[in-house]
Structure formats: C-alpha cells, structure tokens
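Protein chains: 2
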Amino acid sequence: MLSKNEAKYIQSLYHKKNRDDTGLFIAEGPKLVEELLNSSFEIKKIYALKDWLINNATTVQVEEITQQELERISNQAGPNKTLAVVKQKKVKPPVLENRITLILDGIQDPGNLGTIIRVADWFGIDTIIASENTVDVYNPKVIQSTMGSICRVNVIYENIIALLKATKITKYGAVLNGAPVNGMNKIKEGILIIGNEGNGISKEVSSFINAAVTIPGKGNAESLNAAVATGILLSHLV
Amino acid sequence: MLSKNEAKYIQSLYHKKNRDDTGLFIAEGPKLVEELLNSSFEIKKIYALKDWLINNATTVQVEEITQQELERISNQAGPNKTLAVVKQKKVKPPVLENRITLILDGIQDPGNLGTIIRVADWFGIDTIIASENTVDVYNPKVIQSTMGSICRVNVIYENIIALLKATKITKYGAVLNGAPVNGMNKIKEGILIIGNEGNGISKEVSSFINAAVTIPGKGNAESLNAAVATGILLSHLV
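Chains V and Y are the protein sequences, given in the same order.
Just so you know, the numbering used here puts 229 at position 229 of the first sequence, and the rest follows in order with no gaps.
Here the numbering used here = 1-based position in the second sequence + 238.
Keep in mind the hints are simulated off the structure, nothing from the lab.
Among the clues, some could well be false.
Here are a few chain Y residues that face chain V, going by a calculated C-beta distance under 7 Å [to be verified]:
| # | residue |
| --- | --- |
| 1 | Lys255 |
| 2 | Val357 |
| 3 | Asp359 |
| 4 | Trp360 |
| 5 | Ser387 |
| 6 | Arg390 |
| 7 | Asn392 |
| 8 | Lys456 |
| 9 | Ser473 |
The calculated label-pair distances, taken between Cβ atoms and stated as ranges, are [unchecked claim]:
| # | chain 1 | residue 1 | chain 2 | residue 2 | range |
| --- | --- | --- | --- | --- | --- |
| 10 | V | Asn199 | Y | Ala245 | 30 to 38 Å |
| 11 | Y | Thr260 | V | Asn98 | 53 to 61 Å |
| 12 | V | Arg99 | Y | Ile292 | 52 to 60 Å |
Even glycine gets a Cβ: it sits at the ideal position worked out from N, Cα and C.
Work out the full structure, taking the sequences as your base and the hints as a guide.
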C-alpha cells in the first residue's frame, strides 16, 4: 500500500523547486516509462498496476499500486497503468561543431517545448540549448508531450548570450525579412535559434543572427506556433 | 451587474451540447474579440472591463463587468479584459477546384486543431473540412489557440468519405512510405489529408490517397505532432 508520505513526496515533484532540490522528475504511462527503462536515464522507482508489472520484468525498484492510488499520484487526466520517479540527467557541455543545434530563446509553453523536442528527434538533432528563462524540461507536461523523445534529445540550460558570443558557427534565426527558407541549401552545421511564443527572438539574441531566414506565407496569420516553425525550418535545412 | 442567470448561460457555452443548441460560442481577450468584431462573424454580446470599453467603440451590445465577474465567466487561466458571445457561422459547401483544401481525419486535441487553423491561415488556405469525429471547432480551447485565424479560415464538418468519393481532385496524405515531400513540386490544387494524433489516417480514408507523401526524418521519433506535420507539408507544397 502506498503510504501518505510517499504520495505526498511524488506530488511534490510536480513543483519545479522540489524537482531542482531532489534532481528527480515524474514520467507516466507504459510507452514513456518503457522507453525510459531502455534509455540512459536512471529510474529511481516505478509505481504500477499489477497488470503492467506482470508484463514488464525490471531490476528497478517497483511497487504495485491500485488504480485509486495511481489516480492520487498522477498528474494526467487519464492515468495509465504506471508512473516512474526518474533521476534528472547530468549532461555534458554541448559540442556545436559538425552538427545542427537548436537554441531556444525563452519558450514558455510546456506543450511547445515537448513538441519541439519531438521535432528535433524526428530530424536527428540530439542537442537543444535552452535559455535560462525557458520552461523547465522536467515539467510533467513537457515530459509527457515529448512522447519518449526526451530519451534521445538532451536539453541543456545555458546563458545563451555567452554561448552565442563564444562560437563562430553560423547562427540561423527566423525573422520577418530573411531569406525564404524553401530556397536555402541543406546544412551540415549550424545553430537554429527559436524565439519566444509571443515576442519572438529577443533583441539581444537577434544581434547574433548571421543567417536570417523567413517562412514564406501568404495568409494573414501574424505568426506560426513555435513548434510548427521549428518543424518547417528543420525540414528545409536538415 | 452581471446576473447569476447570465453568468450561468455563458458558462453553459463551454459544453458542446449547449453550443450546438444555441449556435453560439465564446471568445476571449482583446486581440481575438477585436479581430472577430472586424470579421464576418456576428457578435451577440461583449462583456468587458471599463478599460477595454473606453478604447473600443462598437455597435455590438456591450456590458461593463468587473474583474471578479470576468473571472467567474472566463474559461482562461488569466482572463483578459473582455469576453464575447459569438454566433457560429453558417458556411457554404466547400469548393475544391483550383485551391488547396485541408481534410482532417479525426483530430482530437483542441490545441492541435487551433494550431492547424493558424497554420492554414499562414499559408493562405481558407477552407478546412473536418470529419464528423474531429473535435468541435467552437471548443473554447480551439478558438483561443487559433489566435484570431478562426476569422479567416472556415472549418466545415462533413462526411469526408462521401466527399472524397465524389471528387477527382488529387488527394495527398502523409504516410510512412510515400514520396519525400521536400522533393515534390508546388501545387495549385489538391486535398491534403491529415490524420488523427494517435492513429494517423484511418484505413477507409487512406484508400483514397493517390499522392502519398512522407516527411523524411532521421531520428527515432515515431511520429510528428499533427500540426507540425501540417506545417511542414504545406511549406513544401504551397
């Protein structure tokens, strides 16, 4: 039986401060938990219904819980069989040479960050550098919306101004009057900067862009969703 | 002062059944409400804080409400100055010739539908045909996430099987083993079919695809988000 204290401790991990203090995060559902089990993430403990435990042998510490207990500790509208407490990964400083790296300048919406991670994974990009004011990658909504891509894409929080200052690699950024992205050549190396949902790329970060690109449109929408823009840019550049 | 009954009536419009019965829907926030005022939508009544009313002259019926009253009738985490009760639009049967039309086969997530409407607007597509099991376009989460694009893109619910059967226009659909979309020519006419988030394009609808396309990827993500895929496909085809 799940103790009151253990339930409380799991629920506490839905708050960033407690995730930071403990270095842990929560992931839910068979698909995500099974992908994490087969990844370089270290799982601290799995809580699962009998029906999941029967089908999944693991050396990780597990606890059988009831549907009612799962509902108590879950953050999902429809809790699904299993929930894992996972250790956050210590990621090495990023290598920028000979690869394409995404830099996020203040993405705020957890769903957008999760979807951007999934898009990066689709195009084989394994490193995302996020500004310090970007939403926490270990936010449960981010983790769930990566659909498992969190296992293959590292997200590193950095002072992106200092990082951009220190590298000579070409910096691509989507702006209103850049070169049409559908006329550009594919690239093997570069940094692609994605701006905040409401304000785009910040003024200070913009000054580092040396390859301004635009997604041609002909309608009246003011902007594209950040994850959609990332997908379109990568589909033309990678 | 906002009466209890009027507040109840507004809240009732957050449920599809009541929207269907009354032919009304709710839109919130200055940007969206002001775009709707300048669109072909007919607004039944606007509820707004004094500060918005001072700056917006309109012939539409308005009622000044307090922040507390706005919070009571709002569906948003952070209610923003104004809320409108809007009449649903009667849309004419779609014309498919000489244009690109999106067909949605069972999109379930309101945020995805809203973002797809925004993407369509970006690329100048003014008609989306949704299968009858697609989420309701007048769902408040859909309306808000269109960011105003609902004013320029018509969403029509139809029996898409019957519609696909009746037209000879080329039907593009994203599948796993299609032609790479980045090698395709731009099109002036066509139907682009977007599938459900979890299951893709249904079997019955798939049988109508006569131009199978694929978004090349090199990572391990199983799929792309439906709105991201729509954006990538349109950026190559339009």
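Going down the list of hints, with the structure as the test:
1. Lys255: With a closest approach of 20 Å, the Lys255 of chain Y hint is violated.
2. Val357: holds, 6 Å
3. Asp359: holds, 4 Å
4. Trp360: holds, 4 Å
5. Ser387: Holds - the Cβ of Ser387 of chain Y comes within 7 Å of chain V, reaching about 5 Å at its closest.
6. Arg390: holds, 6 Å
7. Asn392: Because about 13 Å separates Asn392 of chain Y from the closest Cβ in chain V, which is outside the 7 Å limit, the hint is violated.
8. Lys456: holds, 4 Å
9. Ser473: holds, 4 Å
10. V:Asn199 <-> Y:Ala245: 30 to 38 Å: holds, 34 Å
11. Y:Thr260 <-> V:Asn98: 53 to 61 Å: holds, 60 Å
12. V:Arg99 <-> Y:Ile292: 52 to 60 Å: Roughly 54 Å apart at Cβ, these two residues keep to the hinted range, so it holds.
Hint violations for this structure: numbers 1 and 7, all remaining hints satisfied.
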